[in-house]
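Participant: Okay, here's what each chain looks like letter by letter:
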Amino acid sequence: MKAFTKKEEQILLAIYHLGNEAYLISIREKIKKYTGKYYSVGTIYAPLNRLHVYGYLTASVEKPDASSGGKPIKYYRLTKRGYAALEAIRKQNELMWKGFKSPVFED
Amino acid sequence: MEGIQISRVRRLGRFMKKDHIKLPWLAFWLLRHVLPRQDFIFLNGSFEDIYENLVHTEGRFKARIWIWREILKSLPGFLSAALYWRMMMFRNDFIMTLRNIRKHSLHSIINIAGLSLGMAVCLLIFLWVQNEFGYDRFHGNRNEIAQVYSEKQYSSGSSQIFMGSYFPLAKVLKSECPEVIDAVRYEFATGLSLRRGEKQFMNDIVGLADPAFFDVFSFLFIKGNPKTALEENYSVVLTENMAKKYFGSEDPIGKTLTLNNELDIQVTGVIENVPSQSSLQFDCIAPYLLRFAPDFKEPEHWGGNPLETYILLHKNIDHVELEKKITSIVEKHAQWETAKVTFHLHPLQKKHMYSPQGGGIIHSLVIFSAVALFVLFIACINFMNLSTAKAATRAKEVGVRKVVGARKTDLVRQFIGESLMLSLITLVIAIVLLAVFLPAFNELLSKQLSLRLLFKPVVALGFLGIALFTGALAGIYPALYLSAFQPRRILRGLIKPGVKSSMRKSLVVVQFSLSIIMIISTVVVFRQMGFVMSTDLGFNRENLVVLRMSQRTQGQFEPFRNDLLNHPQVVSLTRSLQGPWHIGSTVSAVDWDGKAPDESVNMHWDYVGYDYFKTFDMEIIEGRAFSKEFPTDQKEAYIVNEEAVKLIGMDSPIGNRLSVFRNEGKIIGVVKNFNFQPLYHQIKPFVFMLRPDTGSLAFVRIRPENISGTLEHIRNIFTKFEPDSLWDPMFFNEILTRYIYTSEQQTGKISGYFTILAVLISCLGLFGLAAFIAERRTKEIGIRKVVGASMKDVVFMLSKEFTKWVLLSNVIAWPVAYFVAQKFLQKYAFRTNIGPEIYVLSGLAALGIALLTVSYQALKAARANPADSLRYE
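As given, the protein sequences belong to chains A and H, one line each in that order.
Per our numbering, residue 1 is the first one in the first sequence, and the count goes up by one each step.
Per our numbering, residue 1001 is the first one in the second sequence, and the count goes up by one each step.
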């Protein structure tokens, strides 16, 4: 399993939390809600695209209707591989965070 | 007021109806070109959404700023996404290429060997062409300089072009043509000696030029003043090398050199060495007037002389108009009696490439560029054929790629990319080959091309261009062919691609046609050369030694002659002004009884010494040769050739009056026609005059026995008379090959080498194809052998197809080769007979070579044990 970057991790998690409503703009908003960081469209797009091509995500295109203002939207969903990746990331993180305790600073 | 309101309403109306706002067009365009096609539409939608919201909430202006910030911030991400996938594809393609090269090693070696040879040839020719086009570029006025030359029309309707000019022409042009800024005469004099004290060198090229020479041409001065360097009559400007040769590290300015042991001239300037890419080549320049030392009285007559006149024009002058003007101005001054003379301009930029007399190096360049491209094309055909032949092995790859979504264009790009990569690898090998070829080529053309030229951007780009062109040329057909497979049929094994291909057959035929054309053309060139060197010129050119005498020996010709004759093997000796390999000087002032007053004629002439006809073995068919028994021969005797007799139109010319150069005399003999010019020209009227005291050429007829001994004798005598001169004797035939038929020699040799390469590359391809076909028919051959075919049958069966192809090539090649041969021979007035046997033999040679190539594979296949081959696949 390849190592994921922080951004990829954030995207995968955002998609997980968004469920059926994950598309580029909503992913960006979600990440902002979690981290306070407002990525540009391009910064999200590149890793998102890569994750999709490597098979962690599937994409489906919603036919344009009135709610989307007449524009097609590409929705992303996690695949089995995507879930496995998140699982692996969590395990790695737990391993790394295990026993973490901030010492008490006296100042 | 009203107008503004209406427009606002309209805009609002449109806004309401459409209900969404488009991105600014530039932003739209940018996204569209940066993003992959499949994602553009979604991203554009997202951007539009945001933009629309912003327009509603924040206003158009803020929205616009926002969208640009967003896009600019996104660009790195978009670009990295796009590049990332490009790089992945490139890596994949690259690995595929290397794998393919390794997997089909025989084919790869054939391809790479053929392509690199073909490319090396092209690079070589490119270097050469590039070099030839670079001549005379260093002159600041290069576009405004032209040489003035003249054309004489005779009443017979023929005309002749003279590059040699007239003494007063430059002065007249400068004073009477406002278009002309400056006009200078230039002449390069050979055979002059320069001396400084004890230091004397022969063979320096002394250029004679008017003082304005350095205003017109840009030769850079290291020392001295270009404006005044040639003002003083007894002055000279040296090149750096000359200055070093005579003065070492001393400052040469103001020092004295002695010209021809009689004139002291002072060095007034030193210029940089003349670039090799200059049409004017000299070691030093002296004032033109030095020619008329010591009284410096210039001749005013309008007779042709071996000097050149160059003019510097104002910008944008119409040459045709000026030519007419010059013609009429000169007509006024010269008062030509009979012949009509028109003047023409030859721009300096064209001087090196074209000759007004026809020909010029441009023809060789065109021919060899074409031939080099042929060789390259033959190599490309190998690549095409072997790639398509091997299609079966790649068809599955194509099928799979297509099934997983590759479009045809993706595959075309992949295959072209492969061949481009291969051609870049080949370029490296070709440059190595070039380094190997270059010295021999330089020697052949007496050029100094070097690989250092690669650092010139033009050359580097040219090389790269040739490599990419090769890659594209070789790759385009296989790419289209391979990418057109239908995956459904391939993957189910319904078709086996690459087995039969009429395209491949025709390409092999093209290959061999080109090779055969080249073989025949080369043979024709060599045949004509052989003819030129062996045909009867009207005199005996074997065992004829030519010596060049300096002024000193010319004055002591009689003792020199007697000393030389004092050897049993020296038959006879004579001298003349010009050598009968190329006598160009003509005389129009000819008169005889019964000549029509308005008839303008033209005779070639030469001053010769006693024994001329004996030494040359020329046949006097009427009258007698010049003889010491008739002292009047020196003044009033003429010997003409048969052509001249025809011109004069007399039945018995002997004893008739003839005046040449307004000197009255009689015809005392008629010599049989002989070739005094290269065989391009018909034999023309000729008149000999006796001048036993002039002429720097000595001709020695020796016996064919013990030539080296005789030469030793001549050398001893020569060095006794000429201690300072270089001993450089030449046989008559040597002069012909070295100086007269140089371009034929070069053409012959270069086309010989190129032909060998073309045949070699064609055979490489054939070898690969034969291997492929033998492999494909392994099973068939096995079965045939089992049921009783002999080895001979199998070899015959395999060779039959190739034989058919090569025979077809012959049929195509012969008419083309015939045309090429006629074109080549056309310039010769005397030419060899090219019979059909040459075509047939060349064709048979090609067939033989082809069969030899194929037979290796055929024998290998035929000898295989059927038990093995039937288990194959």
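Any given hint might turn out to be false.
As the list claims (entries may be wrong) - Okay, derived cross-link-like pairs now, PhoX-like style, lysine-lysine, Cα gap no bigger than 20 Å in a straight line: (1) A:37 to H:1340; (2) H:1315 to H:1350; (3) A:6 to A:30; (4) H:1749 to H:1800; (5) A:7 to H:1315; (6) H:1666 to H:1646; (7) H:1646 to H:1672; (8) H:1684 to H:1628; (9) A:91 to A:101; (10) A:32 to H:1244; (11) H:1340 to H:1324; (12) A:71 to H:1255.
By construction, these hints were calculated from the structure, which means they are not laboratory data.
Keep in mind the model is a prediction, meaning the values are calculated, not measured.
Participant: Each of the hints needs a verdict: does it hold here or not?
Facilitator: Right, here's what the structure says about each hint:
A distance of roughly 94 Å separates the Cα atoms of residue 37 of chain A and residue 1340 of chain H; the hinted pair therefore is violated under the 20 Å criterion. Under the criterion of a C-alpha separation no larger than 20 Å, the hint pairing residue 1315 of chain H with residue 1350 of chain H is consistent with the structure, at around 17 Å. With a C-alpha separation of about 15 Å, the suggested pairing of residue 6 of chain A with residue 30 of chain A holds against the 20 Å cut-off. With a C-alpha separation of about 34 Å, the suggested pairing of residue 1749 of chain H with residue 1800 of chain H is violated against the 20 Å cut-off.
Distance restraint check for residue 7 of chain A and residue 1315 of chain H: the Cα-Cα separation of roughly 68 Å exceeds the 20 Å cut-off, and the hinted pair is therefore not satisfied. The straight-line distance between the Cα atoms of residue 1666 of chain H and residue 1646 of chain H is roughly 16 Å, inside the 20 Å bound, and the hint therefore holds. The straight-line distance between the Cα atoms of residue 1646 of chain H and residue 1672 of chain H is roughly 12 Å, inside the 20 Å bound, and the hint therefore holds. Taking the CA atoms of residue 1684 of chain H and residue 1628 of chain H, the gap is near 28 Å; set against the 20 Å cutoff, the hint is violated.
At roughly 18 Å between alpha-carbon atoms, residue 91 of chain A and residue 101 of chain A fall within 20 Å of each other, so this suggested pair holds. Taken as a hint, the residue 32 of chain A and residue 1244 of chain H pair is broken in the structure, with Cα atoms around 81 Å apart against an allowance of 20 Å. For the proposed pair residue 1340 of chain H and residue 1324 of chain H, the alpha carbon gap of about 13 Å is at most 20 Å, so the pair holds. The straight-line distance between the Cα atoms of residue 71 of chain A and residue 1255 of chain H is roughly 92 Å, outside the 20 Å bound, and the hint therefore fails.
Comparing the model with each numbered hint stated earlier shows that hints 1, 4, 5, 8, 10 and 12 do not hold.
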